[in-house]
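Asks: Spelled out from the first residue to the last, the chains are:
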Amino acid sequence: MSRIIDRSMDIGEFVPQPDDDMLICRCEEITKGEIRRAVHDGMWTITEIRRYLRTGMGLCQGQTCSRLVKGIVARELHISPAELEPATSRSPMRPTEMKVMGNEEA
Amino acid sequence: MERYEVIIVGAGPSGLSAAIEAAKRGLKVIVFDENDKPGGQLFKQIHKFFGSKEHHAKIRGFRIGEQLLEEAAEAGVEVQLGATVIGLYSDKEVNVRIGDSIRHYKGDTVIVATGAAENMVTFPGWTLPGVIGAGAAQTMMNIHGIRPGKKVLMLGSGNVGLVVSFQLLQAGCEVVALVDAAPRIGGYGVHAAKVARCGVPFYLSHTITKAHGEDHVTGVTISEVDSHFTPIEGTEKTFEVDTICMAVGLSPMSQLLKMAGCEMEDNPKRGGQVPIIDDFGETSVSGIFAAGDVSGIEEASSAMIEGRMAGVCVSEYLGYLSEEEKEAELKKLEGDLDSLRQGMFAPKNRGKLIEKTDEGIDVSMNLLQKGYVSDDEIERFPGVVHRKGVHPVIECTQNIPCNPCQDACPKKCISTGDNITFLPFIKDDCECSNCGMCVASCSGQAIFLVDEDCGDGTATITLPYEFLPLPQVGDTGYGLSRSGEKLCEAEVVLVRSLKAFDHTNLLTMRVPKEYAMKARFFTKD
Numbered sequence: 642m643s644r645i646i647d648r649s650m651d652i653g654e655f656v657p658q659p660d661d662d663m664l665i666c667r668c669e670e671i672t673k674g675e676i677r678r679a680v681h682d683g684m685w686t687i688t689e690i691r692r693y694l695r696t697g698m699g700l701c702q703g704q705t706c707s708r709l710v711k712g713i714v715a716r717e718l719h720i721s722p723a724e725l726e727p728a729t730s731r732s733p734m735r736p737t738e739m740k741v742m743g744n745e746e747a
Numbered sequence: 012m013e014r015y016e017v018i019i020v021g022a023g024p025s026g027l028s029a030a031i032e033a034a035k036r037g038l039k040v041i042v043f044d045e046n047d048k049p050g051g052q053l054f055k056q057i058h059k060f061f062g063s064k065e066h067h068a069k070i071r072g073f074r075i076g077e078q079l080l081e082e083a084a085e086a087g088v089e090v091q092l093g094a095t096v097i098g099l100y101s102d103k104e105v106n107v108r109i110g111d112s113i114r115h116y117k118g119d120t121v122i123v124a125t126g127a128a129e130n131m132v133t134f135p136g137w138t139l140p141g142v143i144g145a146g147a148a149q150t151m152m153n154i155h156g157i158r159p160g161k162k163v164l165m166l167g168s169g170n171v172g173l174v175v176s177f178q179l180l181q182a183g184c185e186v187v188a189l190v191d192a193a194p195r196i197g198g199y200g201v202h203a204a205k206v207a208r209c210g211v212p213f214y215l216s217h218t219i220t221k222a223h224g225e226d227h228v229t230g231v232t233i234s235e236v237d238s239h240f241t242p243i244e245g246t247e248k249t250f251e252v253d254t255i256c257m258a259v260g261l262s263p264m265s266q267l268l269k270m271a272g273c274e275m276e277d278n279p280k281r282g283g284q285v286p287i288i289d290d291f292g293e294t295s296v297s298g299i300f301a302a303g304d305v306s307g308i309e310e311a312s313s314a315m316i317e318g319r320m321a322g323v324c325v326s327e328y329l330g331y332l333s334e335e336e337k338e339a340e341l342k343k344l345e346g347d348l349d350s351l352r353q354g355m356f357a358p359k360n361r362g363k364l365i366e367k368t369d370e371g372i373d374v375s376m377n378l379l380q381k382g383y384v385s386d387d388e389i390e391r392f393p394g395v396v397h398r399k400g401v402h403p404v405i406e407c408t409q410n411i412p413c414n415p416c417q418d419a420c421p422k423k424c425i426s427t428g429d430n431i432t433f434l435p436f437i438k439d440d441c442e443c444s445n446c447g448m449c450v451a452s453c454s455g456q457a458i459f460l461v462d463e464d465c466g467d468g469t470a471t472i473t474l475p476y477e478f479l480p481l482p483q484v485g486d487t488g489y490g491l492s493r494s495g496e497k498l499c500e501a502e503v504v505l506v507r508s509l510k511a512f513d514h515t516n517l518l519t520m521r522v523p524k525e526y527a528m529k530a531r532f533f534t535k536d
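Chains as they are written, first to last, in my numbering: chain A, 642 to 747; chain B, 12 to 536.
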C-alpha cells in the first residue's frame with residue numbers, strides 16, 4: 642500500500658545517466674532525465690510529476706508510460722513502486738474532444 | 012438517463028460471460044465496448060486452448076469467442092459497440108461516449124471487465140517505428156492479415172511471447188531470437204518447444220540494450236544480464252531485424268474502478284493496480300464488481316469463469332436468485348477455477364523454480380533455459396515409451412491443467428491419471444490404431460506417433476504441422492531436432508488433414524531409424 646512520503650528523506654544529488662535523453666512519455670515527449678530531475682526538484686508524487694511535466698496526460702493518457710514513470714520516480718526515491726500512489730483517475734478516461742464533452746444527452 | 016439492472020464494461024471473455032449469466036436469468040443487461048467488434052482478445056487467439064473439456068480445451072480461441080457471442084445472443088444480451096465508458100461513479104452512474112455525444116446510464120449493478128494493457132520496457136531506440144507490442148503483432152496478423160515485419164526479435168518468454176512467436180513463424184516471419192531477462196522461460200514448456208524446433212534460438216538472462224535505426228528499426232543489440240539484471244559489458248550480440256516485439260507482461264486497466272472509489276492495491280502478483288475484491292469479484296463499493304484481467308492478470312479461461320461468477324452474484328444481488336441458488340452456482344464455478352489454477356504454473360507458483368514434477372521426475376532444465384528437452388532428458392518422462400509398431404510419444408514434461416489427449420484416443424491408450432495436471436502416460440495394453448487424434452488434440456503440439464523400426468532401416472514420425480504451404484507426399488527435406496537443427500534427410504510419406512483435426516495437419520516423415528527419437532520437425536530446405 643502507498644504511504645505518505647517523508648519529505649525530509651535524503652535522496653542524494655542528481656547524477657546524470659547516459660540514457661537521460663531517452664523518451665519515456667511519448668505523447669508529451671518527456672525524457673527519463675527530465676523525470677529524474679523533477680524528483681530532485683521536489684516532485685515526489687505521481688500527481689506532482691504529472692502537473693510539473695505532463696507525463697501521462699497526452700493522447701494515450703498514460704496507458705504506456707504510467708508504469709515506466711512510476712518505476713523511474715520510485716528508483717530515484719529509493720522506494721518500491723508499490724509505495725507510490727498512482728495518478729488520480731478521473732473522467733474522461735479516454736481522450737475526448739470538447740465538442741463531444743459539450744454534447745451531452747441527459 | 013437510461014437505467015439497466017446490470018451495466019458491464021468490456022465485451023471480452025469475462026464481460027460476455029458475466030452478461031450471459033445475468034441475462035439468462037432475466038436481468039436487463041447492457042455491455043459497452045469501445046471496439047467495433049466484441050470478443051476482446053479472443054478473436055486474436057488462433058491457437059488451441061489448454062484445459063479440460065469443460066474449459067473448452069483444444070478449441071481455438073476465436074472459436075470460443077464465436078461460441079460466447081452465440082450464447083450471448085441467445086440469452087438476449089444487448090452489446091453496444093463503439094461505446095467508450097469515460098466515467099464511472101460510486102452511485103453506479105456510467106458516462107459513455109457513443110459517436111459524437113456523451114450519454115448517461117445508471118446501473119443497479121456494474122461489472123467492470125476492462126481487461127489489461129501491454130507493458131513496455133525502455134531502451135535507446137524503443138520509440139522507433141518497428142518496436143511493437145506482442146498484442147499489436149497479433150492484431151495485425153490475426154485480425155487484419157498483415158505481416159508485422161520480415162525479421163523479428165521477441166522480448167519476453169511468457170506464454171504470450173511464446174504463442175505470438177509461433178504465430179509470427181506461421182505468418183511467414185523469421186523470428187531471429189527469443190529473449191528474456193529472466194534466467195528461465197516463463198511460459199509453458201510445450202509452447203517453447205514448438206518454437207525451438209523451428210530453429211528459433213532462446214537467449215535467457217538477456218535483455219535489449221539498443222534498437223538501431225534512424226526512422227525505423229534496422230537492428231537490435233542484446234546483452235547478457237547479471238543477477239541484478241544489469242547488462243554485462245562485452246556480451247553484446249547484434250541482429251538485423253525490422254521488428255522488435257515486446258511481450259513483457261500486462262497491467263490491469265483498473266482506472267474506472269479507482270474513479271468509482273473502489274479500494275485499490277498495488278499487487279505485483281496480480282500485475283499492478285487492482286481493486287480489492289472478495290472471492291467472487293465484488294469490490295469495496297457494494298454492487299460494483301470486477302472480473303477478468305482487470306482484477307489480476309491471468310488468462311481467458313479463468314476470465315470467463317470470473318465473469319460467470321460476477322454474473323451469478325449480480326443476479327442474487329438484485330433478487331433473481333436465492334442465496335442458496337447462488338451458493339450452489341458459485342461452488343461449481345469455484346471448482347472449475349480451482350482446477351485451472353493447479354500445476355506448476357499456478358498463480359501461487361509464479362516465479363518459483365520447480366525442480367521436480369508431481370510424479371517426482373526431475374524437470375528438464377534444458378527446457379527452461381533453451382526451450383527444448385534434450386535427448387538425454389526426454390526418456391525419463393512417462394509419455395515417452397518404446398513399443399513395436401506405431402505408438403504415441405508424448406513429450407509433455409510439466410504439470411499443467413490439461414487433458415484432451417486422454418479423451419482423444421478412441422482406444423483409450425492415454426491417461427493423465429486421477430489429476431488433470433499429471434503427466435500423460437501410455438497404458439501397457441495400448442493398441443495404437445495410428446488414427447492421429449491424440450496428435451491433433453494436443454494444444455501443446457507435444458504428441459508424436461512414432462514407428463521406431465519399419466524393418467528397412469527407417470522409422471516414421473507423425474508430427475503436428477500448422478504451416479503453409481503444406482508439404483506434399485513425396486517431398487524430401489530434412490528432419491529437424493528438438494532444437495531445430497538439421498539432423499538427417501527426411502521424406503514426407505503421408506499428410507493428413509481431417510476436419511476432426513481442426514487445422515492441425517498431420518505430417519508423417521520417414522527418417523533413418525537412429526533418428527526415431529530425435530527428429531521432431533520437418534523442413535523442405
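None of these hints come from the bench; they were simulated from the model.
One thing to keep in mind: the hints can contain errors.
Calculated cross-link-like contacts (lysine-lysine; reagent style DSS-like; alpha-carbon spacing at most 25 Å) [said to hold, decoys possible]:
| # | chain 1 | residue 1 | chain 2 | residue 2 |
| --- | --- | --- | --- | --- |
| 1 | A | K740 | B | K55 |
| 2 | B | K510 | B | K55 |
| 3 | A | K673 | B | K221 |
| 4 | B | K381 | B | K343 |
| 5 | B | K64 | B | K423 |
| 6 | B | K221 | B | K55 |
In this text the structure is predicted, and so the values were computed from the model without any measurement.
Asks: Next step is simple, just say for each hint if it's right about the structure.
Replies: Hint check:
no.	hint	verdict
1	A/K740 with B/K55	violated (34 Å)
2	B/K510 with B/K55	holds (21 Å)
3	A/K673 with B/K221	holds (16 Å)
4	B/K381 with B/K343	violated (39 Å)
5	B/K64 with B/K423	holds (16 Å)
6	B/K221 with B/K55	violated (29 Å)
Going through the hint list in order, the structure does not satisfy hints 1, 4, 6.
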